[in-house]
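So the sequences go chain by chain: A and B.
Numbering of the first sequence is given in the working numbering, commencing with residue 1 and proceeding in unit increments.
Numbering of the second sequence is given in the working numbering, commencing with residue 503 and proceeding in unit increments.
Note that these hints are calculated values from the structure, not bench results.
A couple of the hints might just be wrong.
Stated by the list, open to error - The following label-pair restraints were derived from C-beta to C-beta distances:
#1 A/Glu392 / B/Ser538: 47 to 53 angstroms
#2 B/Leu619 / A/Gly472: 47 to 53 angstroms
#3 B/Ile637 / A/Ser25: 52 to 58 angstroms
#4 A/Phe370 / B/Leu676: 30 to 36 angstroms
#5 A/Ala375 / B/Glu723: 53 to 59 angstroms
#6 A/Arg255 / B/Glu723: 33 to 39 angstroms
#7 B/Thr626 / A/Gln125: 26 to 32 angstroms
#8 B/Gly622 / A/Gln179: 55 to 61 angstroms
#9 B/Ile520 / A/Phe15: 38 to 44 angstroms
#10 A/Phe370 / B/Ala602: 33 to 39 angstroms
#11 A/Phe370 / B/Pro664: 43 to 49 angstroms
#12 A/Gly371 / B/Gly622: 34 to 40 angstroms
#13 A/Ala375 / B/Ser538: 55 to 61 angstroms
Claimed, not checked - These stretches of chain A come out as covered by chain B in the derived footprint (C-beta under 8 angstroms, 3 or more residues):
#14 334-342
#15 361-371
#16 377-385
For glycine and all other residues, C-beta sits at the position ideal for the given N, C-alpha and C.
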Amino acid sequence: MDKPILQLTDIRKSFLAVRALKGVSFDLTAGEVHALLGENGAGKSTLIKVITGAHQPDTGAIQVNGNIVEKLTPASAHKLGIAAIYQQPALFPDLSVAENIALSLEPPKTFRRIRWNARHDQARQLLDRVGAKIDPDAEVRSLSMPEQQLVEIAKALGTGARILIMDEPTASLTHTEVQLLLGVVRDLRTQGVGIIYISHRLEEIFQIADRVTVLRDGESVGTNPVSKINEASLIKLMVGREVASIYPPSETQPRDVVVSLKNLGCASSGVRGVSFDVRAGEIFGLAGLVGAGRTELARILFGITPADGGEISLNGKAIQIHSPREAVEHGIAYVPEDRRRHGVILEMSIAANMTMAIHPQFFPGAWLRFGKEEAFAQTYIRDLQIKAFGPEAPGGSLSGGNQQKVALARWLATKPKVLILDEPTQGVDVGAKSEIHKIIRRLAAQGLAVIMISSDLPEILGMSDRIGVMRGGTVTGILDGKTADPHSVMAAALGQTEGINA
Amino acid sequence: MNTDKHGWKRILLRHETILLFVLVVEWLLFYYFGTSMNRRGITVGFGTMDRQFDILRHSCEIGLLALALTPVILTGGIDLSIGSLLGLTAIVFGKLWHDAHLSIGMAAVCAVGVGALAGGLNATLITTLRIPALIVTLGTYSLFRGLAEAITHGSVTYTDFPASFLFLGQERWLGLPAQAWLFIVVAIATWLLVHRTTFGRSFRAIGFSPEGTRYAGISVERRLTMVYVLAGIVAALAAIIYTARLGQAKADAGTGYELFAITAVVLGGTSIFGGIGSVHGTLLGVAAIAVLKNGLACLPIVIRHNSAEELSGMMTGALLLLALCSSVLPKILSTWRSRRQSHLPQQTKIA
C-alpha cells in the first residue's frame, strides 16, 4: 500500500491517574477502510478524540499527509480534512438538509447574503456523491436514522474530508440500512477517502474493512489485514489477557432465591423479556456492550422507569415497583452508574449523603440529630476506608473511588435485600477498585443478592457467581461464573451463538 | 479551594453577617437623621417606640410570605402566586364571614383551607405536568387575582369586622403588636422545619439535584407538594392579619407583595437556584427592607419632597443588587488574583 495519509506514533494520554492510551501507533492510507476494535474502555474513544483534535496527546507524533502536525485542534483537524460521524447524528432537526450542510461549509460571517439556490445545488451534489436520494429541502426531523447518517457523511465530504472517522455508525440501524450504509462506505473508498471504522458488529468488519487494529487497555495489540484473521482470533485479541487473580474468591454457597424476574419488559426503555433469578449470597454479573439495556434494566428494578410487562417477585411474592421510594421500601438498593449526578449530592456533606435513603428510620419524628448522624458516618468512613476530611466534607471534595464508597454506604445503611451495582468501579483507581471488590464480596457473604453491572470483563469474570449477558435489551445468555471465559462472554455480547448455554 | 471544610457555610455566614451589619448601620442612620422634636418637645419620627412597632406591624404580612417562600426557593422553585393568593383568601375570608355568616374562626379555617388547596394546585401542575414553577405560578398569579375580583365583581370590599378581630391587626398584646406573635410562631416553625428536620434537608437536596434526590429514594413530588401547600397556608394567614390590620377585605390585597417577599429571601442569602439559604437570612432580609422603607419616610428631606415611595423602591433595588454583588465579589476577586499570579512569572522573565 502507498504512503499513509494519517500516521500516529506512540500516542500516550492520561487523565489524572488513568492511563487511557499507553503508546498507540496507528496508520491509515488513502482508499482504505481501517477498522478499530476493542472492548468498552479500551481507548477507542480517546484515540478518536486525539485524531479529531478534541484531546491533546501527552506524548507522541501525529502526521497528516506526511507532515508532522504540532498541535492538533478541532479547527485545524477540520482544515486538514479530518471529519467524524457518530452513532447519533448531530444535525439540527428543525433545519433543512441543505441548511445543515451549509452550516459547516459557509464562512461564519455575521452579515452576508444567503444564496439559497447555491446551497440547494451544493447539497444536491454532495448527496449524489453518497448516492442518497434525499430532498435537500426536507427537514432533517423527517428523515430516517440512516438518511441522517448519509447527510452527516455528505456534510463531511463537503468540507473536503480525506480522513473520515465513523464511530459505530450502524449501532442503531437495521440490517438493510446497514447494507445501504456499507455500500456508501465502499464508494467513498474508491473515491480515495481513508476511513477509520469502529463497530462492535464483527460481521461488518469482515464485509468492509481492509485492515483491523485491536485496542486493549489503551494499547494496540495488533494490526492485521482482514483477510488473514477470523472472528475467533479477533475476539481473543480483544479480551486475550488472563483474568487477574486479584479478585477475592467466592466463599459462600448461594441460598434461597431472593429476586426473580419473569419476562420483564419496559417498552419506553427498550428492555424486553428478561427472566432470571438471583439468590441470597450470590453475585449475578450483568455483562454486555454499552447500549445493551443493562442500566435500563436496573432502572426498571429501582422504579425509575417502571416495568410495563412481566413480573418481579421478591422472596416469592410478586411486587410492583413504581418509584425509587417503593423500591427502597421493598429493600432494593441501586448504586447508579453516574455517581456525580445520581450517586451522591456533591454539595452536601458525606454524613447527609449517607443518611439520605434512611431518613424515616434514622431520624424518628423527622428531627435531625447531628451527633448521631456524625457518629454513624464515622463508622462507615472507618469501615469502608473512605479518605475524607471528616463527615462534614462535601461529597464533591472526594475522589471518584471515595464518592463511590459514600454512595455504597448510603445503600448499605438501608440494609437492603437486593443490591444493584451499576459499573461500581468505573473511573476508580486500582487501589479503591480492589477495596470495593472486597466490600462487594463481604456483602454477598452476609446474604445479599447482588446484581453487578459491569463493562469491565475481568471484573465480571472475577466477581460473578453467574453471568447474564445482555444484547438488544434482553438477556441472551446466562453463563456459570466458574466456567465462563472472556471468549464466551464476548461472543454472547456480540451475538455469536456458539458458547452460550442459556 | 473547594476542599475547605465549611466553604459554603462560611460564605453564608459572611453574607448574613454583612446583612446584619447593613441593618444596624441603616437603623442608626435613620435614628440619627429621622428623629426630631416637635414644638411641644415630644420626640417624633423614626426614633419612637410607636414607629418601631409600626415597622414590625407593617412587615408581618410580607414577612410571612417571605418565610413561606424560603423553603420553596430552597427546592429551586418559585411561587409568584402568593401575593394574589393573599388577595383571594382575604376575599374568601371576608365573604364567608359577611355573606355566609360563618363565625370569624370558621371563616379563617376555610380561608386557610382554600390557601392549602391553591398551593396544592400549584404543586400538582408542577409535579405531574412537569411545567416549570415559574410558568405555573405565573398562571395562577393571574388566576387567583382574577378569582378574587370575580367574587367581588371588582368593587365590593368587606368591612365592619368586630373589634375582637381587629384587635389582631391593630392592638398590642403582651407588649408587641398582636400579629407579631403569629409572625414569631410561623418564623420559629419555619426555622425548625428548614434547619432541624429531614424535610428541610430534602428541600436542599432537591435544590441541589432533583434527580440525585430521586435516586436516593426520596419522593421529590411529595416534598414539592409540601412546600407549595405550606406556602398557600401561610399566604392565607397573611391574608387574615392583613384584613385585621386594615379592617377590610378587598380583592387587590397584597398586590405586588410576592416581589417584595422574593427580594427579602434573596437579600437574605438564599440562592435563587436552590440548595443554599437560611430562614434567619430571610428574617434579616425582611427587616432590612422594612427599616429602609419606613426610615426613608421619616427623613425631613424626603417628607418635604413627598418622594418616599419612589425612593424606597430605588433603595430596595440598590440594596438587593449590592447584596448580590457582595456574595459574588469574593469569587471575582479570587479569580482575578489568580489570573494575575499566573501572569507574574512571565512578567518577571521579561524584566
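Okay, the hints, checked on the actual structure:
1. A/Glu392 / B/Ser538: 47 to 53 angstroms: Holds - the Cβ-Cβ distance for A/Glu392 and B/Ser538, about 52 angstroms, lies within 47 to 53 angstroms.
2. B/Leu619 / A/Gly472: 47 to 53 angstroms: 48 angstroms, holds
3. B/Ile637 / A/Ser25: 52 to 58 angstroms: Roughly 55 angstroms apart at Cβ, these two residues keep to the hinted range, so it holds.
4. A/Phe370 / B/Leu676: 30 to 36 angstroms: 33 angstroms, holds
5. A/Ala375 / B/Glu723: 53 to 59 angstroms: Hint violated: Cβ distance 32 angstroms, outside 53 to 59 angstroms.
6. A/Arg255 / B/Glu723: 33 to 39 angstroms: With a Cβ separation near 37 angstroms, A/Arg255 and B/Glu723 satisfy 33 to 39 angstroms, so the hint holds.
7. B/Thr626 / A/Gln125: 26 to 32 angstroms: With a Cβ separation near 55 angstroms, B/Thr626 and A/Gln125 fall outside 26 to 32 angstroms, so the hint is violated.
8. B/Gly622 / A/Gln179: 55 to 61 angstroms: 57 angstroms, holds
9. B/Ile520 / A/Phe15: 38 to 44 angstroms: Between B/Ile520 and A/Phe15, where Cβ atoms are some 40 angstroms apart, the hint holds.
10. A/Phe370 / B/Ala602: 33 to 39 angstroms: Distance hint for A/Phe370, B/Ala602 is violated at roughly 49 angstroms.
11. A/Phe370 / B/Pro664: 43 to 49 angstroms: Holds, at about 47 angstroms.
12. A/Gly371 / B/Gly622: 34 to 40 angstroms: 36 angstroms, holds
13. A/Ala375 / B/Ser538: 55 to 61 angstroms: For B/Ser538 against A/Ala375, whose Cβ atoms are near 59 angstroms apart, the range 55 to 61 angstroms holds.
14. 334-342: holds (count 4)
15. 361-371: Holds, because 4 residues of the segment 361-371 of chain A bring their Cβ atoms closer than 8 angstroms to Cβ atoms of chain B.
16. 377-385: violated (count 0)
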